[in-house]
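> Protein chains in written order, with my numbering: chain P, 1 to 432; chain W, 1001 to 1253.
Keep in mind that the hints were calculated from the coordinates and are not lab data. There may be inaccurate statements among the hints.
Straight-line alpha carbon distances no greater than 27 Å define the calculated DSS-like cross-link-like pairs of lysine-lysine that follow [unchecked claim]:
id, chain 1, residue 1, chain 2, residue 2
1, W, K1151, P, K396
2, P, K431, W, K1108
3, P, K430, W, K1151
4, W, K1194, P, K396
5, W, K1221, P, K396
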Amino acid sequence: MNLQEQIQHDFRKYLAHENNDSSEIFAQLRHKAIAEFEKTGLPNIKNEEWKYTNLRNISSLSFNSSSDISNNAKKLLNENSLNAIKANHLVFINGRFYNDLSNIIENDKSIIISNLETERKNNSVHLEKHFGKYAKIEGEGLNAMNTALLNDGVFVYVPINQKVEHPILITNIVDATEFNVLSQPRNLILVEKNSSVQIIENYLSTGINASFTNVVNEIFVDENAKVEHYKIQQQCGESYQNNFTQFFQNTSSNINQVTLTLDGALIRNNLHFYMNGENCNSLLYGFYLTEKNNHIDNHTRVDHASPNCYSDEKYKGILKDESTAVFNGKIIVHVDAQKTNAYQRNQNILLSETATINTKPQLEIFADDVKCTHGATIGRLDDEQLFYLQSRGISKDSARRILLNAFADEIAERIKIPELVQILEAEIEKKL
Amino acid sequence: MLSIKNLQAEIEGKQILNGINLEVKAGEIHAIMGPNGSGKSTLSAIIAGRQEYQVTAGSITFNGKNILEMSPEARACEGVFLAFQYPIEIPGVSSINFLRTAINERRKYNGLEPIEATDFLKTMREKMELIKMDKSLTSRSLNEGFSGGEKKRNEIFQMAMLEPTLAILDETDSGLDIDALRLVSEGVNKLRNKDNAFVVITHYQRLLDYIIPDFVHVLYKGRIVKSGDKSLALELEEKGYDWIKNEVEQVNN
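This is chain W alone, in the form it adopts within the complex (with noise of 0.2 Å):
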């Protein structure tokens, strides 16, 4: 589904992937673990398609199409999404509004009529309920005000909706008290099929509990330094993550 293969990215002349390699497939769970300043955000950032970061070399495929020629919403429409790290306010733009425009566009995107009002709706119903989101929420202006865990389970909330073939929830844990990391986890567990996959970023083995992966791969300094199975978080839970770093640079000494 996703193939990531030899990706190196930039910032404003800084170097921040070194050859990224990735494979996932439908139905598969990746976690992605790593120090701050890894490059994890970057990774998600320039799959969803953000301009500032400068893709120097490699390619990402979606469904066997070359994604980095494309805007950010033509990726949205062939099924990525994007769980925000920091989801941003937008004032004066209802919630509902903007996910019946965001459901609408992506039906036309795909030669389909837009969404019945009553399908809407429904759909939206039964999308609150799996993850338990407050009603009052989606009558508001678009995450304005929402406290930190309202918003991230919003991110879900649109997940729910939207129904993407590939969700990355960057640290989609990071703000949430136990009882909310529950709920969001058990929202994704019920999305969860064989024909998607999800690559969640994560700095902490707690999330890891709840979403269980299939493979964990380690970021550093804007490579894939490691990969395993769930066991490999535990280990990171234990350890940390110095063994990692110092074993990498063992290997460049």
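In isolation and in its complexed conformation, chain P is listed as follows (with noise of 0.2 Å):
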């Protein structure tokens, strides 16, 4: 069985015992999401925005259902650097939610920092009016496929006029150790007015078979709120991803994005921003250190559907043996949004020569009065920085690592949050 056909198997499956999903809104998605996905299947090469991201190894897979964790997940989490970090942690193993594992410190009952189902559960009014309203399935076959299949992910409520006091850490762990695992988190975070939240999304692996990670996150930002949003991803082995994140923006929302790909075969994140109102300031930062036959492909999107945002975006890469990257950055200033203010870059260092990367940035513009700026450069390390450094008696090795992580926590450092810093900063210099 192909990916294509276990999905359709696996949503027949579930039809069987499709009473049991009480949930009204669910069950229409569901049957909405399968027509969407047996319409759309999988993104192949054919598709402009897949041209250079083939998901042929993926969708030839075939995975099991496994229930039980592996010592070795156990481990993983337990040796995670992150563990450090004073947070709410939520944890996720192969898609299922884990209680015993978590551990939320929130005292405000306010607050609700839980899993998907619980809140189902609950016939929780949250959901009716905002779940699946943001990240959209017409044409994304891989949205669909999350949507029709619907198992678990993170929930997050924060009331209006709340600031929730510690970063919000998810970690999501693969364990391949028995079997292929398809995992499909779907998280939906939800920030009233005037509130503020920091997530940490960390993605993580163990086991030598196969794992495919599909998740769909919907960030609903209320109105003068802020987000600080970190996505670390460090699966290694075969271990492929593919991450479709949408925020939307009210009127004076702040959100600060930053994403750290440092391992993985092959990950597609599809970062999307909309403005929906005036005011809004989108900060995407990303950093991608790739090796081996690595394949990491960054799509992102800021739509400025309203007048007087300001977006700034920078992607930054270093590309090792035959590894590719992708970046394509899509900014589309909508005919009203008059005064946007819109920065993107792209930089990348390829140590190799057998290295690639494709790098489109991309402006597509309707409105006549905006700031607009794009640019991308590829290059190796600077031959002259390198001298001025050696002829201060430091070696050529010793050189070459300051300044790759120069370049590194440059985006490291958008980070808000000093512990989070110092540990990837650490990592960086680690895989370097």
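Two chains, two frames, a set of hints: combine them into the complex.
As structure tokens, then:
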């Protein structure tokens, strides 16, 4: 069975028990999603948006669903360097929520930090209002696949005028010790007016088999709310990931998003912002470090749909060995979005002759009073800088490390949780 | 200390140095002057270890060691320092961490333990005072966004921190206003002692009012065509380079 067949098979299995699906909205969505999935299918390279990222390896895999988790997963969880951060910790293994491994330290009971399944059982009004409203499934086969077989994920609700005191750390582990694993986390994060929250998504893996993590994040950010969102990807071995994140922003909301991709056989990030009100601020920064045959694809899209908004984007990559990276940044300034300020840069350092980067910064501007810039650079380490450091007695190897770390740290330092910056800078240093 | 014999070098097949001979002893200051394109910066780059130049003949020994075989970092650890004509900006690398790394790599080369943090900070304060460097500069990224004058002063500051035995100042005076020039020169004079030496490359006599050279050499078409004491610099200031060019052409004819 290939992946496409498996999804259809799993959906038929679900249908047999459909009456157990107590939530009407989910049932409707699933039916809509499976129809969309059957129509659209998995993305292939004939699709312009997927030109450089081939899912062939994934689509031919077959997956087992196992409810057991191995000691490897527990070990990985215990040794996770991010444990040092004082946080509300939610743990998902192979897409399932583990309440006993999670730890919520937030005292304010009006703030919900939980999982989708619990929220659904509580007949949540929030789900009815927001679920499935932001991440579109039309033409997005992988989003449709996630929605059709909707299982579990994070649910966060921050009511108005609240600040979540400690970050919310979401640890997603795929445990491919026994079988190939398909994990489809589905996260919904709602931040009401004047509120703020810090979210850390951390992706890890263990086991020698293949895994495919297909994530959909919907993040609603109401008026004047602030969200810091940090995504850390360090799945190793034969792990594949598609990560779709849609921010929906109302007036004067602020988002600081940083994506650090340190490992993964194949990763496709789709990071979308929709500015639904004026004076929104969106900062999106990314760093990717690729080696061996890794393939890391960052597709970003910022919809400036309202006037007077600001976005600043910077993605930087270091590529080693035979690895490949893709950057495709799209800024769309809608017809009414006057006084838009949008900046976008992509910088790459290629450390080997056989690494490949495909970069495509894109602007589509339909308003006439805007300030937008974009650009991309691809190069090697700067010989002049290397020589300067060497001429002061620093060995060539140290000089290379110093320069590469400085290049990466610029992005890591956009994270506003100092302990996390420290941990990540150390991880990056280890890898370089 | 430094002995250059019949040094010939080229870049991309173009001959730049045509047989340079230069002896620098401890405690001396040598000035190298000459018109544009005469090979002054090439000479300093080759001593510091730039790889783009091909040495086709001759030798450079430093304290008896053949440094042409050494990496740039090994030369620095042996005590050679080049103050760059155009110091490089290195975003994201803090000036302090850079300096500490440089000092420690050199200490390691010489079999010493890393410098104590308190000693490092103390030395840094002293040396900053010596050349009146603005404290804020060291908390920034290395040379990033520095003005031309700040960059040059930072070169001298690094030199003060690293305490080389041979310092080559490549047009350190260019881009400096008269006050900065005086501060930089005072710094060099304070660092000068009987065990170290300086090679000062400059276009103008002005710098040599402050840093008094023991020898002045004129480089022209990749060779030292005239050497003398400090009065030669004054003569050049007055007459320009044409009389030297003419002398050389006459000899050649």
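> May I ask which of the numbered hints given earlier this structure violates, with the numbers listed in increasing order?
3, 4 and 5
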